[in-house]
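Note that the sequence shown covers residues 2 to 123 in our numbering.
A few of these clues could be false.
As the list claims (entries may be wrong) - Each computed DMTMM-like pair below joins lysine to aspartate or glutamate, with the alpha-carbon atoms no more than 20 Å apart:
hint : residue 1 : residue 2
1    : Lys106    : Asp72
2    : Lys36     : Glu112
3    : Lys106    : Asp32
4    : Lys36     : Asp58
5    : Lys106    : Asp68
6    : Lys83     : Asp58
7    : Lys106    : Asp71
8    : Lys36     : Asp100
9    : Lys36     : Glu115
To be verified - Label-pair ranges, simulated between beta-carbon atoms:
hint : residue 1 : residue 2 : range
10   : His85     : His35     : 37 to 45 Å
11   : Gln23     : Ile95     : 30 to 38 Å
12   : Leu52     : Thr103    : 38 to 46 Å
The hints are simulated quantities; they were obtained by calculation from the structure and are not laboratory data.
Everything numeric in this text was worked out from a predicted model, so none of it was measured.
From the three backbone atoms N, C-alpha and C, an ideal C-beta is built for every residue, glycine too.
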Amino acid sequence: MDAYGHVNNTVYFRYFESARIQYFGRCGLLDSYHKSSVGAILHSTSCRFRLALRYPDTALIGTRVSDVQDDRFTMLYRVVSKTHNTVAAEGQGIIVAFDYATRTKSRIPAEVREAIGRLEAT
Numbered sequence: 002m003d004a005y006g007h008v009n010n011t012v013y014f015r016y017f018e019s020a021r022i023q024y025f026g027r028c029g030l031l032d033s034y035h036k037s038s039v040g041a042i043l044h045s046t047s048c049r050f051r052l053a054l055r056y057p058d059t060a061l062i063g064t065r066v067s068d069v070q071d072d073r074f075t076m077l078y079r080v081v082s083k084t085h086n087t088v089a090a091e092g093q094g095i096i097v098a099f100d101y102a103t104r105t106k107s108r109i110p111a112e113v114r115e116a117i118g119r120l121e122a123t
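Using the sequences and the hints, build the whole thing.
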């Protein structure tokens, strides 16, 4: 909560980060980093605020992937107010595959790309 009695705008980006890291775990991107040094780096992120969340509301966070390219993909985020049953915020992030050993952009590993396809098909 901030001085205005609602969830501060910076907190939404933490929500996005938590959802992003959980998704990375589900699609194998975290494992890929430990096996081959190819992981992910956040290129850009944005948020459109639609409804102020206030205590004691519960925020439900969802994410999905769209626009998968050779070296990047877009993550779409949605924050829903459980109290109001409506969208509180929507955001997106551009995620780039990155080789942390060579410090260069990389291709998305095939197994990660396949796992994203499976996750998005459900």
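These are the hints, each one checked on the structure:
{"no.": "1", "hint": "Lys106 - Asp72", "in the structure": "holds, 7 Å"}
{"no.": "2", "hint": "Lys36 - Glu112", "in the structure": "holds, 12 Å"}
{"no.": "3", "hint": "Lys106 - Asp32", "in the structure": "holds, 18 Å"}
{"no.": "4", "hint": "Lys36 - Asp58", "in the structure": "violated, 40 Å"}
{"no.": "5", "hint": "Lys106 - Asp68", "in the structure": "holds, 17 Å"}
{"no.": "6", "hint": "Lys83 - Asp58", "in the structure": "holds, 6 Å"}
{"no.": "7", "hint": "Lys106 - Asp71", "in the structure": "holds, 10 Å"}
{"no.": "8", "hint": "Lys36 - Asp100", "in the structure": "holds, 11 Å"}
{"no.": "9", "hint": "Lys36 - Glu115", "in the structure": "holds, 17 Å"}
{"no.": "10", "hint": "His85 - His35: 37 to 45 Å", "in the structure": "holds, 40 Å"}
{"no.": "11", "hint": "Gln23 - Ile95: 30 to 38 Å", "in the structure": "violated, 18 Å"}
{"no.": "12", "hint": "Leu52 - Thr103: 38 to 46 Å", "in the structure": "holds, 43 Å"}
Against the hints set out earlier in the document, violations occur for numbers 4 and 11.
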